[in-house]
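Trainee: Chain by chain, the residues run as shown.
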Amino acid sequence: MATTDEPTDSWFGADGQVSQLRGVLFKAGCLGATLLALFLVFVFLVYVAVDAIEPGTADPAWWATVVATVAVPGATLAIYYYRFDPRAGEVAYTALGLPVAATLLAGGVGIVFRHIVSPYEWLALVVAALVAYGALEAHERVRRAGAFERAAVAVVVLALTIVGLPGLVPSLRGMILSLPVLPTASLSLLGTFVAPIALAAGWYVRRVRESERAGLIAGGATFAAAALGVAAEPIAGVSWTTWIILTTVIGVPVGLYVEGVLRRGEGISGLALPVVLAAGAVVCAVVVETAGFTGPDVWLDWEFLTTAHNRTPREAGIYPALVGSVMMIIVVAVAAFPVGVGAAIYLEEYAPNEGLLGSFVELIEVNIANLAGVPSVVYGLLGLALFVKSGGLQPGIVIVGGLTVALLILPIVIVSAQEAIRAVPDSQREAAYGMGATRWQTVRSVVLPRAMPGIMTGTILALGRAIGETAPLLMVGVAAVVRISPDSFYGLFNAMPRQLYSWAQLAKPDFYHGVLAAGVLVLLVVLLMMNGTAILLRNKYQRSD
Amino acid sequence: MSDTSLEADLTRSANGRIAKERLYHGLLFCCAALTVFVTVSIVATLAIDALEFFGRVDPYAFFTGTEWVLRGDNPILGILPLLSATLVVTIVSALVAIPIGTAAAVYLSEYASDRMRSVLKPALEILAGIPTVVYGFFALVYLTPWLQGLGLEVSLFNLLSASIMVGIMIIPMVSSISEDAMSAVPDSLRQAGYGLGATKFEVSTKIVIPASISGIFSSYILALSRAIGETMIVVVAGGSRARMFNPSEPFANLLNSGQTMTAAMVQAVTTDLAGGTDGYYSMFAIGLTLFAITFSMNLLSNRIAARYREEYQ
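Chain order of the listed sequences is A and D. Residue 271 in the UniProt record's numbering sits at position 271 of the first sequence, and the numbers go up by one each step. Residue 30 in the UniProt record's numbering sits at position 30 of the second sequence, and the numbers go up by one each step.
Hints may be right or wrong, so weigh each one.
What the hints assert, rightly or not - Only pairs whose alpha carbons sit at most 20 Å apart, straight line, appear in this in silico DMTMM-like list of lysine to aspartate or glutamate:
1. D:Lys20 with A:Glu259
2. D:Lys20 with A:Glu349
3. A:Lys508 with A:Glu54
4. D:Lys121 with D:Glu153
5. A:Lys508 with A:Glu315
6. A:Lys508 with A:Glu349
7. D:Lys121 with A:Glu90
8. A:Lys540 with D:Asp114
9. A:Lys389 with D:Asp187
10. D:Lys20 with A:Glu149
11. D:Lys121 with D:Asp180
12. A:Lys540 with A:Glu266
13. D:Lys206 with D:Asp187
14. A:Lys389 with D:Glu52
15. D:Lys20 with A:Glu140
16. A:Lys540 with A:Glu90
17. A:Lys540 with D:Asp278
18. A:Lys540 with A:Glu315
19. A:Lys540 with A:Glu419
Read the hints as simulated data drawn from the structure, not as lab findings. Quick caveat, the model's predicted, so the values are computed rather than measured.
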């Protein structure tokens with residue numbers, strides 16, 4: 001057997017000390033296998049990036065400028081953080097990743113306001129929801145009714161305000177929309193979209209800083225920044241919707257993060273990285289512009305993101321598929337999240353262990369594990385049978401695709417929510433019961449808030465899976481080419497992976513090595529961002545527990 | 001628990017509160033019961049249309065036919081070519097995924113430092129998040145030309161690169177479930193091994209792996225079931241010509257195009273959506289076969305995994 005070469009502090013398990021050649025080889029082999037898988041995919045990713053960006057077509061001087069102004073300062077800072085200030089390094093990477101993730105989200109919000117709800121519709125929706133809420137509160141004050149009556153009233157009020165009775169009573173939302181005098185579109189968005197976000201930001205800052213004044217400043221600054229864009233549109237040349245979305249969806253989270261870093265006072269120097277990179281990019285743009293260096297002939301450009309499919313490779317774009325994916329994800333999230341979390345709560349908090357119901361619950365548990373293993377193409381068949389053949393919906397519309405994929409990710413959402421709920425310590429539940437809370441009160445105010453980060457992590461991962469699913473979409477008849485973006489949830493749509501598949505069928509080199517690569521890059525960026533966010537969220541909350 | 005709180009309820013009528021509790025209880029139960037509904041409707045939809053199919057096509061001919069031609073007015077529907085292609089893909093992908101995945105699991109669980117693990121584990125998880133249509137694209141556009149460059153005579157669409165890609169796709173599944181099983185082996189067993197003078201290599205291969213073998217096996221079965229049901233990689237990179245496995249030239253199948261069960265379903269739906277034809281209904285029969293295979297494999301894997309869980313609690 002092995003002998004140690006020298007006395008060591010660690011008495012077992014330290015590698016190298018008690019390993020012979022065989023052991024060293026085994027360890028190297030295991031590491032090699034792990035890296036091989038990662039390396040292979042990494043190489044493929046590099047290929048895709050090269051195909052989509054075509055760095056070879058750029059002027060060498062252009063590359064030199066980019067390296068000198070962006071890459072070298074960035075790399076220097078990264079090395080500095082790694083060697084001397086790991087805490088700042090963490091801040092730097094978050095500060096770099098957050099704006100990118102927020103930009104993606106802003107793109108999604110922009111698509112929503114462009115294709116799904118107009119500012120007026122949003123205004124009407126928010127006002128109708130507020131009125132419904134007020135009516136419910138009033139009803140509760142006036143009458144101490146039972147839960148069923150309250151639920152019935154809620155359904156009636158919501159129906160009246162938002163949907164109406166078709167043909168008989170117009171909904172409040174519809175009446176607002178048909179008012180002769182409405183505030184301008186920009187004012188309605190400021191009032192019903194920016195104001196709530198500003199309020200939330202102000203409330204958050206007030207709470208963490210414990211200062212009324214700081215909260216007021218944060219909320220006011222948010223609102224003022226968004227309002228500024230509306231006033232200055234003619235001068236700035238950026239449309240006010242873009243400006244409002246930029247300031248609220250990107251500005252607020254980034255601002256709050258910077259505020260948090262400054263408040264904690266740890267790793268402040270990490271904030272330098274995004275600033276240095278941004279400044280470098282500006283300098284680079286100026287130099288390239290004045291010297292006239294030509295950049296690479298990229299496939300993945302603004303044009304690609306904003307145009308529809310075309311038979312000419314250079315003119316093909318992904319925009320309708322992007323819109324379709326965003327709309328589908330909304331359907332998936334709305335359908336799968338409440339049901340999944342509800343099922344998880346039932347299984348973890350309510351489910352009995354014995355009796356007839358107990359064996360039914362056991363059946364449900366086994367079922368969920370098995371549902372997670374059903375091939376996605378079978379879910380496609382299910383969606384086809386359930387929604388198209390039995391439900392009478394048209395094949396290939398957003399709601400059919402979304403619901404089908406929602407069924408597919410439901411087991412994943414349930415399992416991850418169950419894990420998050422199980423991780424809440426029992427002592428907290430007992431404390432709540434000890435205070436006289438009912439089971440639902442305990443769940444709502446003790447268990448769910450504690451479990452929420454875990455539930456969100458699982459849901460984001462599941463939604464990431466939903467974005468990439470292709471086979472179910474093929475089965476429910478999503479069309480190969482949709483040139484016009486869907487304008488409602490009942491419209492025909494195309495999603496990014498489906499678009500990629502139809503490009504893969506056009507066997508032309510320009511599609512394979514250009515358009516397809518660009519599309520893959522777009523899909524991967526969205527997915528890596530989502531998965532990265534989920535993993536960061538999980539690491540953060542695991543550590544703080 | 002909720003019953004005891006009634007007496008402390010001083011603010012509102014007890015009835016209202018009980019009703020509210022019952023309402024939420026009922027709603028949440030419905031959410032959970034929905035999953036059973038999903039399973040039942042999967043089985044029902046597949047079974048109803050598969051029955052319709054077997055009313056038109058002789059089941060014996062379907063399960064023993066060695067030819068699959070979907071096009072034309074008179075399709076020849078025998079599932080064996082699809083089944084054999086699926087088996088080929090599953091075996092080759094297992095040859096890729098099982099050694100690499102197991103080795104990765106051993107490294108992560110036994111050798112990796114905390115720092116290494118904190119990098120490698122999320123990286124492998126991200127690998128699992130790449131959509132399969134993208135893997136199919138990798139196989140078709142990059143892997144196949146590589147294989148051609150290595151001197152293999154593969155055609156543009158071939159099962160070899162598709163199955164290698166399926167293998168790469170299921171590595172994270174093997175490695176993460178196997179690693180969970182290995183990490184669940186109690187440290188006392190390892191310490192006992194070291195106490196007897198075993199090396200790290202011997203502890204890993206002779207103590208940890210045997211102790212967690214049922215968990216490792218369950219990960220293999222799950223991954224294989226995933227490989228059987230995998231669709232987009234084989235659709236994009238495997239081609240759409242169903243070929244019966246030819247035992248006299250086992251490698252010819254790999255190097256040429258072939259059609260798996262899932263790929264045949266996609267072909268049926270994308271060319272035959274009008275419905276009503278034999279080809280259209282064949283998709284439900286294949287779906288039922290596929291569902292039965294993967295369902296029983298998942299069940300088996302759960303059983304095996306349940307055994308290893310009991311061992312150390």
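Trainee: Output the indices of the hints that this structure fails to meet, ascending.
Mentor: The structure conflicts with hints 1, 4, 6, 9, 17 and 18, although it agrees with all the remaining ones.
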